[in-house]
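Protein sequences, first through last, are from chains P and A.
Using the numbering used here, you'd call the opening residue of the first sequence number 1 and step up by one each time.
Using the numbering used here, you'd call the opening residue of the second sequence number 1 and step up by one each time.
These are computed hints drawn from the structure, not numbers from a lab.
There's no promise every hint is true.
Said to hold, decoys possible - Some chain A residues close to chain P (C-beta under 7 Å, calculated; not the full set):
#, residue
1, L42
2, S43
3, R46
4, T139
5, F197
6, A354
7, L367
To be verified - Each computed BS3-like pair below joins lysine-lysine, with the alpha-carbon atoms no more than 27 Å apart:
#, chain 1, residue 1, chain 2, residue 2
8, P, K225, P, K317
9, P, K56, P, K219
10, P, K219, P, K317
11, P, K225, A, K49
12, P, K219, A, K49
For every residue, glycine included, the Cβ atom is placed at its ideal position computed from N, Cα and C.
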Amino acid sequence: MHTLAHLVATVVFAFGVFAVSLYALINVGYLLLHALALLELRDSVRESRWDPPFRKFASPFYPGIGVVVPAYNEAETIAESVQSMLSLNYPELEVVVVNDGSTDRTLEQLIDTFDLESVDAEVPFEVPAEEIHDVYRSTTYEELLVVDKENGGKSDALNAGLWLTEMPLFCAVDADTIIDRDALLSLVRPFLNEPTTAVASGGVIRVANASTIEDGVVKETALPKTGLPGIQVMEYLRAFYSGRLGLNRVNGLILISGAFGLFRTDVVQEIGGYRHDTITEDFDIVVRLHRYLKEHDRTYTVDFVPEPVAWTEVPSKLRVLSRQRRRWFRGMVETIVTHRRMLFNRRYGRVGTVILPFFVAAETVGRLVEGLGYVLLPLAWYFGLLDIEFFLVFVLLTTGFGVFLSWFGVFSEVWSFNRYDSPWQILRLLWYGVLENVGYRQWRAFIAWRGLFEYLRGVDTWGAMERAGFTTEDD
Amino acid sequence: MIGFVPAVTAFGYSVPQTVVLVFVALVVGLLLAVQFYLTIGLSVYRSVKQTRRDRVESELRGELLDRLFAEDPDWEAWVSDLSSVERDVVESLLDEHLRELDGTEAETLRGLGDALEIPEHAGRRLEAGDEYERLHALTWLTLLRRPGPYLDSSFEPRTPRERASVVTLLEQTDRLADEETGIAILLDGIDAQFTVFGQDTLYRVARRDPAPLLRTASEAYQTWPEPLLGQVLAVCAQLETSVRDGELAWIVAVLETGTEATRAAAADALASFGWRASLRYRSFLERAVNDPSPRVRNAVYGMLASWGDRAALDVLQQALAEETDPSALTAGMTALARRQDHFETDPGVMLGAAWDWSLEHVEYDRLARRAETRKVR
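This is chain P alone, in the form it adopts within the complex:
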């Protein structure tokens, strides 16, 4: 009995040392990242405020972009989404909609709305995707191409689109995403500034739940009134304005949101397109780009541009959010396991030696350790190993620092593009920043464990996203 108690005490003590060290390491890393993000944001804001005196639309130097839109059972919104994408301000645009074996009227809606006709000729080359039934062209919109194929999932649909677009760049977009009219003009900037090295760029995703959308355009930005979407606004702001901007400063961006990213078509084709056996294809594709280009000693950049914005509806029910986050966690673990050889490997430069290990420590191990801590704490208390005074101060410290990092995202928003322009909304955002660290963060640690168990059990389902629909002026 005495030996068992000693063993428990040793394990709990070792865990405590490990957890505190990991916490310190992660937070110092985040603090550095946030500082880098501020510098990057300052440069981006100054850049975006200078509008050079030339007519962009008359310039022949914007590379063509194929907007690839995978669509599965989107009959309700597909016509409006495609119309919105056809109206994007960009000199040379192609919209490729891939109907991924929808069982509703998605294809019929497209045929009726855009006067589509089936192309008689067979696709003359191999497309690494499920069977393509038909390719349609519009008789009224030159820039629209619709592909109807057997269901194969999002990666499969994206591959069909990126093999069929003729444009040198392609933009992967979710069918339910609203893109700001001028967003592509900004998102393409890295490809204009570094024409020979840029391979990918990502923009900001914002939460559209309470904003007013009319004709595919966000007319009025508003902060969701309910807690769950509100906390996600906070979470997205922190992720984009702190995490990704900071990583961009050191050319270490390893994630571009699947809802809105721009890539060089030939390079993505070169690496074989999107992997079918992953559920977080957006994370995987960027890590693979880093891996492939480093292995081939090619100079390249992957950039984040904070100004162009795409809007998406986030889950407003805990059940749906849990399903989404478990999927994200499973996908993250799966991608890390697949590319584990990159970890601490100097061959992959900064991404291999610093960024990916930090990401694993902070987003994967960190969350699991935090979850484990919530289980071990009562045990430690039971065995009389917990210094209550120390514990309380430590919790205050960790929560306070977490809030500090969350508020950093809010400050960046106010300082830069200030889309939530009312101080009351900012006050609410700050409150969501507190909630994110008290309650929501602990819930995420729990979800991480569930995600890990699902990964170990081999669960690979996406799960349906339930949407309430965007707010319109009529609402």
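Given chain P's structure and the hints, the job is docking chain A onto it.
Chain A only, in chain P's frame:
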């Protein structure tokens, strides 16, 4: 938190760990308080500023348009009555309208810029500001077509963006001595690539007379960084003009020896200069269509289709019959299909399914374009 050593020892002093933690917690608390007030304070400041602007903007816009179309806008009298917020809003409105309007209206509006003393401010910013200040100043002088403050200043452009802004200002105000000068400002001693604005400026100057650009490039292209060379070649690809054979030798050299990106850009550039005797060598064309990079072959196919003569199309047709890369194949086929009226016999016999695919897409392009033209009418 769990069974820790209760004290931290350093330099012979021992401090209880809880004291250390309390101290750190106090620091974090202080940081939080500062951050909270800073964020809310900034938000209130920006909100108040925006509200003040919104309150007057609609009225000022109406007044500006009324005066713009009046016989005598009398900008000075109007501006002298404006508050600082109103002047700020009027400056924004002026910027917005000057980018949209041309002709007499734009010229009348420029008088408002003078009344707001923008050229004088711009002159001062040129001398004293940082790069962005200088860029904003040059932009204002261009929009207002007032090169004076720049010509009177000692300012020398240093970065590619400043070079482009200066050339745009001089070009838009007819103060550019000649194209040679413009090209020299843009390219002499440059060691970094342009933004798209710089590239567009280079294009606007070279379009008037491509010879200085081709001459400069021919002499200096080997010293340029790869992205800049790519940009200059992309400008050449848009010129579509006749030049002497000798001035193209450097582009041919890049197509044969450059990197993947510059080889592709060189093929695009040669497409715009048309079919010429110096490029007729079959060995040169065979090397070009057999380039190991699909991206380069794609551009070479475009070049051959663009030349459009019998010999070029024959080489293209042969190359496509052996092409294995899907994107190069479709792009080449599409380029060839746009030249279908040049064929006496159906190339489909030789090219197979890919030809039918491209031909049908070219037909749909034409159909949709006709529908769009009808919509516009």
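We went through each hint and held it up to the structure:
no.	hint	verdict
1	L42	holds (5 Å)
2	S43	holds (4 Å)
3	R46	holds (6 Å)
4	T139	holds (5 Å)
5	F197	holds (4 Å)
6	A354	holds (4 Å)
7	L367	holds (5 Å)
8	P:K225 - P:K317	holds (14 Å)
9	P:K56 - P:K219	holds (24 Å)
10	P:K219 - P:K317	holds (25 Å)
11	P:K225 - A:K49	holds (25 Å)
12	P:K219 - A:K49	holds (21 Å)
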